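2 protein chains.
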Amino acid sequence: MSFTLVPVGRVESVLKQRREAPRQGVEGAPAAWVIVEEAYAEAVEGLAAGDEVILLTWLHESNREQQKVRPRNNPAAPLTGVFATRSPDRPNPIGLHRCRVLAVAGARLTVSGLEAVDGTPVVDVKIALGDVGDR
Amino acid sequence: MSFTLVPVGRVESVLKQRREAPRQGVEGAPAAWVIVEEAYAEAVEGLAAGDEVILLTWLHESNREQQKVRPRNNPAAPLTGVFATRSPDRPNPIGLHRCRVLAVAGARLTVSGLEAVDGTPVVDVKIALGDVGDR
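Chains A and B supply the protein sequences, listed in that same order.
Numbers 5 to 139, taken from the working numbering, label the letters of the first sequence in order.
Numbers 5 to 139, taken from the working numbering, label the letters of the second sequence in order.
A few of these clues could be false.
In this list, chains with the same sequence are indistinguishable; a pair is considered to hold if it fits within one copy or across any two.
Calculated lysine to aspartate or glutamate pairs in the EDC-like style (CA-CA distance at most 20 Å, straight line) [to be verified]: (1) K72 x E41; (2) K72 x E46; (3) K20 x D122; (4) K72 x E42; (5) K72 x D93; (6) K72 x D55; (7) K20 x D93; (8) K20 x E65; (9) K72 x E49.
Because the hints were derived from the structure by calculation, they are not lab data.
From a predicted model like this one, the values you see are computed outputs, not experimental measurements.
Model the full structure from these sequences, guided by the hints.
So, in structure tokens, the structure goes:
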């Protein structure tokens, strides 16, 4: 059994490589863009500048076989199961990014605080409602 | 182009149908369990009682073709693009659930505040680090 994700858009950013990506959006990720595919333009209607959104991306450079990793900022720590970390290396490499919409122009969103590299596929956009959980 | 998700576990809950699910975990979802598949047991190591986690699920009952919906608690409102909502009906029906681990027994997690129905496939578990964004 498996499930099929379709890309609904992609990230445009000046960040070109994974090692350039800041560890936290708040650490100063530059403005970036989410280019939603024309086929999903209707799904964007209602998003507006000022909205906080949670982007789900597909971390296509990840290693999906690795189940344990060393914590990123503590190389001396023991290996830890990836579900107890936020490593991009995990069985289903879905990235979660909370960012703010700065502008909406058709299906092109300008966002702040997005740490994903240029070309990263976007698989979902969810308005943020205070907490992370779905309603 | 598309991406393949593999289920890494499933939800066990007394909630048997989607309409029974509370709108917010905090509204009193009963305790539930995340049964991680044996093949991913190593990925759980390091999770402990008290941890907050973000579960990603596959909302298998969703309508993936619907791009606009009426807001759930305001049927008089105009149709809105699903990316501006948290509707389960969306192109890639990934559910986000923030919940607390109450107990860990091997690959079986007892969690509180999970509003997913029994049998919902789980595709990722991420430790929550204050904010939703990945590090």
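Okay, the hints, checked on the actual structure:
{"no.": "1", "hint": "K72 x E41", "in the structure": "between (35 Å within a copy, 16 Å between copies)"}
{"no.": "2", "hint": "K72 x E46", "in the structure": "between (40 Å within a copy, 7 Å between copies)"}
{"no.": "3", "hint": "K20 x D122", "in the structure": "within (5 Å within a copy, 41 Å between copies)"}
{"no.": "4", "hint": "K72 x E42", "in the structure": "between (39 Å within a copy, 15 Å between copies)"}
{"no.": "5", "hint": "K72 x D93", "in the structure": "within (9 Å within a copy, 33 Å between copies)"}
{"no.": "6", "hint": "K72 x D55", "in the structure": "between (36 Å within a copy, 18 Å between copies)"}
{"no.": "7", "hint": "K20 x D93", "in the structure": "within (19 Å within a copy, 33 Å between copies)"}
{"no.": "8", "hint": "K20 x E65", "in the structure": "within (12 Å within a copy, 37 Å between copies)"}
{"no.": "9", "hint": "K72 x E49", "in the structure": "between (40 Å within a copy, 8 Å between copies)"}
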